[in-house]
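Protein sequence lines, in the order shown, are assigned to chains U and F.
This note's numbering puts the first residue of the first sequence at 242, with every later residue one more than the last.
This note's numbering puts the first residue of the second sequence at 3, with every later residue one more than the last.
Hints are computed from structural coordinates only; laboratory data are not their basis.
By construction, the Cβ of each residue, glycine as well, lies at the ideal position given by its N, Cα and C atoms.
Any given hint could be a false lead.
Claimed, not checked - Okay, derived cross-link-like pairs now, EDC-like style, lysine to aspartate or glutamate, Cα gap no bigger than 20 Å in a straight line:
(1) U/K294 x F/E29
(2) U/K426 x F/D360
(3) U/K339 x F/E158
(4) F/K32 x U/E479
(5) U/K303 x F/D213
(6) F/K33 x U/E479
(7) U/K294 x F/D360
(8) F/K356 x U/E479
(9) F/K106 x U/E479
(10) U/K293 x F/D26
(11) U/K319 x F/E394
(12) U/K452 x F/D360
(13) U/K395 x U/E371
Said to hold, decoys possible - To list a few chain F residues with every Cβ distance to chain U over 10 Å, as calculated:
(14) A27
(15) P45
(16) N81
(17) K116
(18) L334
(19) V349
(20) T382
(21) M401
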Amino acid sequence: MKKMIAILLCLLAMPVHAIDGAAILKKVDRNLEPESYEMLRKLINVEPDGNKKEFVLYSVKKGRDRIVALFLAPPSDKGRATLRLGDNMWLYIPEVGKPMRITSLQSVTGGVFNNADILRVDYTVEYTVEAATEEKDNYLLILKARTGEVAYDKLKMWVDKKTYLPVDIECYAASGMLIKTLHFKDIKDFGGGIRRPATVETDSPLYKGYKSVMLYAQIKKREFADKVFTLNYLPRVEGMRK
Amino acid sequence: MKRVSVLCACLLAGAAWAEEYSFDAAEFEKKPFEFGGYLEYKPERAWLNRDGAFYALNGLERSTFDRNAATLKLNAKYNQGIASFTLRADAEVRRDELSSERIKRFDEAYVSLKPDPGFTLDTGKQALKWGKGYAWNPVGFVERPKDPNDAELAREGYTMVAADFIRNFDGELRTIAFTPLLLPVSGAVNSDFGKPGHVNVAAKLYFLYRDTDIDLVYLGRGSRTPRFGIDFSRNLTSNLEIHGEWARITDFEQKVTNASGATTTQRESVTSSLLGLRYLCENDATTILEYYRNGTGYTQSQMSDFYRFVDNGLSQFQATASDALLHQALNLARGGYGRPNPMRNYVYAKISQKEPFDILYFTPSFAAIINPGDRSFSLTPELLYTGITNLELRFRLYMLNGDAQTEFGEKQNLRRAELFARYYF
Numbered sequence: 242m243k244k245m246i247a248i249l250l251c252l253l254a255m256p257v258h259a260i261d262g263a264a265i266l267k268k269v270d271r272n273l274e275p276e277s278y279e280m281l282r283k284l285i286n287v288e289p290d291g292n293k294k295e296f297v298l299y300s301v302k303k304g305r306d307r308i309v310a311l312f313l314a315p316p317s318d319k320g321r322a323t324l325r326l327g328d329n330m331w332l333y334i335p336e337v338g339k340p341m342r343i344t345s346l347q348s349v350t351g352g353v354f355n356n357a358d359i360l361r362v363d364y365t366v367e368y369t370v371e372a373a374t375e376e377k378d379n380y381l382l383i384l385k386a387r388t389g390e391v392a393y394d395k396l397k398m399w400v401d402k403k404t405y406l407p408v409d410i411e412c413y414a415a416s417g418m419l420i421k422t423l424h425f426k427d428i429k430d431f432g433g434g435i436r437r438p439a440t441v442e443t444d445s446p447l448y449k450g451y452k453s454v455m456l457y458a459q460i461k462k463r464e465f466a467d468k469v470f471t472l473n474y475l476p477r478v479e480g481m482r483k
Numbered sequence: 003m004k005r006v007s008v009l010c011a012c013l014l015a016g017a018a019w020a021e022e023y024s025f026d027a028a029e030f031e032k033k034p035f036e037f038g039g040y041l042e043y044k045p046e047r048a049w050l051n052r053d054g055a056f057y058a059l060n061g062l063e064r065s066t067f068d069r070n071a072a073t074l075k076l077n078a079k080y081n082q083g084i085a086s087f088t089l090r091a092d093a094e095v096r097r098d099e100l101s102s103e104r105i106k107r108f109d110e111a112y113v114s115l116k117p118d119p120g121f122t123l124d125t126g127k128q129a130l131k132w133g134k135g136y137a138w139n140p141v142g143f144v145e146r147p148k149d150p151n152d153a154e155l156a157r158e159g160y161t162m163v164a165a166d167f168i169r170n171f172d173g174e175l176r177t178i179a180f181t182p183l184l185l186p187v188s189g190a191v192n193s194d195f196g197k198p199g200h201v202n203v204a205a206k207l208y209f210l211y212r213d214t215d216i217d218l219v220y221l222g223r224g225s226r227t228p229r230f231g232i233d234f235s236r237n238l239t240s241n242l243e244i245h246g247e248w249a250r251i252t253d254f255e256q257k258v259t260n261a262s263g264a265t266t267t268q269r270e271s272v273t274s275s276l277l278g279l280r281y282l283c284e285n286d287a288t289t290i291l292e293y294y295r296n297g298t299g300y301t302q303s304q305m306s307d308f309y310r311f312v313d314n315g316l317s318q319f320q321a322t323a324s325d326a327l328l329h330q331a332l333n334l335a336r337g338g339y340g341r342p343n344p345m346r347n348y349v350y351a352k353i354s355q356k357e358p359f360d361i362l363y364f365t366p367s368f369a370a371i372i373n374p375g376d377r378s379f380s381l382t383p384e385l386l387y388t389g390i391t392n393l394e395l396r397f398r399l400y401m402l403n404g405d406a407q408t409e410f411g412e413k414q415n416l417r418r419a420e421l422f423a424r425y426y427f
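Same shape as in the complex, but just chain U (with noise of 0.2 Å):
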């Protein structure tokens, strides 16, 4: 009877502690980065044969959907500038002149990195979570994209139970093809109680051999105007340097 009534309970208490994988989710994103910030980014694209191609960029972020990114370097690069809104992305060439509409799954900077990696919103703002469990000491998310406008169709997220930060992000096509792995690495505090991984390495499949690392520095919180992330601001983004 004791055994019938312990069993009774257990069952009843599951519910109770089911994993609520929405708000995983949204505690991941919060930890990556506050709604608003400005950050200086390194993105490395590192060759088989060990050779590097470098970019900085400085990016600023409002809300859950809204980021603009600066090209510092290289010289064949800088001043270059993109946008995106929600699912919206265009690039800035000061030689062209004029914005133009990119999609996410191009790439400005080349390498395994894309625009949806480079522009990245919140995950809340783009996936569902489909199922979340629970491993040794990570959550695991499975996450579905909201629209056919997202980058990759679903996404698998191990999640450190103490950090509430990714660990590892696998990310799939409509297919169930492995598209890349995001490996996040180095966690270190960047002040005002951002504490996050500083590295987001990042290996293919589809580029075997080659590999691509952002590095990630002078993260901050900070407000800004709306106006700023629009496509007649573009090209005058830099002034929003300090």
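Use these hints to put chain F onto chain U, whose structure you have.
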């Protein structure tokens, strides 16, 4: 001992990591004055079309034509509070078998005042680019013509005063931006824009509505006849973009000749339009496809009359040594018959493949401009290599094909090969 070895290995690995991926953000602090640019060397060879009307007009009398060009583009920016000064300078030296030419100009030189992110006032020479098309822009009312063979080439601007007002909203309409401008034309300022003695008024009204870019554009009567238009651009999926332009020009004037050289000025209201797409395949090949209906272009019979007139001029020159008709034809060519793509209908297609056969930083592409009216076309294969930091190497070959009295069959060149070496600093 084992533990010490493991520890040493870990420390060495950590040091290697730090060495490999260092990022000193202090190197990228903002400076009030910044400059950069590139230096380019471009040798080229043209194989001439000795049967072409434009070969006869330019009187080259040879089968090949070589040219070397060196270009320095310098960009500088100075920021001080709400003000900034932008400069884009161009210096070129071109030498060919017949002459040499030096060009020095400012493509842009303007002061911006930006008291608020929602308002900017620009004064000076600047290159505004309107429209969404890649190869052509029928709504590009206040800019110098684009060369569809090199659509991304920087162009010289016009001197103007322009303002920019931006408003944001929540909901389906996310942005409205209004860009009015004044563009004066006199003998000394913007003299190639149109008739002197006018301060031209133009404006662009931009909307981001339901994830679609929409522009309404307008140029009032002045140095040019009045015109208005609309363009749009939208991503349909994560790898497909569509765009279009439509422009209406009232009282458009154009000189038209008959085969004997009698010219008349035609005045009519015309409509131009463009529809295009950009598609990224799974194998990283990007396709741009555009159809252009050029309302300001010449008809097939008007172009045939012009070619016959050039033939007559050439016959007169050979018979009497008088080049009067050829001179007249040359003036007509400068007035419109000789501009790039002077006819009514065009198709543009470009396919570029990123890093094929695992060749890093190598992008071959293939572009075609087709005149479906006379079935002539140009094909342009290109090889681009960017594997050396700050150096861009590009090889381009133009191949023109067409019968007599067709657009590409009457051009000056049969083939043209160009090599670019561009160093950024």
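Hints, verified against the model:
Of the supplied pair hints, the one linking U/K294 and F/E29 holds, its CA atoms being roughly 17 Å apart against a limit of 20 Å. Distance check on the hinted pair: U/K426 and F/D360 sit about 28 Å apart at the alpha-carbon level, beyond 20 Å; violated. Proximity of U/K339 to F/E158 is assessed by CA-CA distance (about 14 Å); at most 20 Å being required, the pair is judged to hold. Of the supplied pair hints, the one linking F/K32 and U/E479 holds, its CA atoms being roughly 9 Å apart against a limit of 20 Å.
Between U/K303 and F/D213 the CA atoms are separated by roughly 18 Å; this keeps the pair inside 20 Å, and the hint holds. Straight-line distance between C-alpha atoms of F/K33 and U/E479 comes to about 11 Å, which keeps the hinted pair within the 20 Å bound. Between the alpha carbons of U/K294 and F/D360 the distance comes to roughly 16 Å, so the proposed pair stays at or under 20 Å and holds. In summary, the hint linking F/K356 to U/E479 is not supported, as the alpha carbons are separated by about 29 Å, beyond the 20 Å threshold.
With a CA separation close to 28 Å, the supplied pair F/K106 and U/E479 exceeds the 20 Å bound. Annotation: proposed proximity of U/K293 to F/D26 holds, straight-line Cα distance about 17 Å (limit 20 Å). For the hint linking U/K319 to F/E394, the alpha-carbon distance of about 14 Å falls within 20 Å, and the restraint holds. A threshold of 20 Å between alpha carbons decides the hint, and for U/K452 with F/D360 the separation of about 14 Å falls inside it, so the pair holds.
A hinted pair counts as satisfied when its Cα atoms are at most 20 Å apart, and U/K395 with U/E371 qualifies at roughly 9 Å. Here F/A27 does not stay apart from chain U, with its beta-carbon only about 4 Å from theirs, under the 10 Å limit. Every CB of chain U is more than 10 Å from the CB of F/P45 (nearest about 21 Å), matching its label as outside the interface. Its closest Cβ contact with chain U, about 7 Å, brings F/N81 to no more than 10 Å, contrary to its assignment away from the interface.
The claim that F/K116 lies off the interface is violated: its Cβ sits roughly 6 Å from the closest Cβ of chain U, which falls inside the 10 Å cut-off. Its beta-carbon lying about 31 Å from the closest one in chain U, F/L334 satisfies the requirement of being farther than 10 Å from that chain. Residue placement check: F/V349 keeps its beta carbon more than 10 Å from all beta carbons of chain U (closest about 20 Å). Listed as a non-interface residue, F/T382 keeps its Cβ farther than 10 Å from every Cβ of chain U; the least gap is roughly 18 Å.
Residue-level check passed: F/M401 sits 25 Å from the nearest beta carbon of chain U, beyond 10 Å.
Hint violations for this structure: numbers 2, 8, 9, 14, 16 and 17, all remaining hints satisfied.
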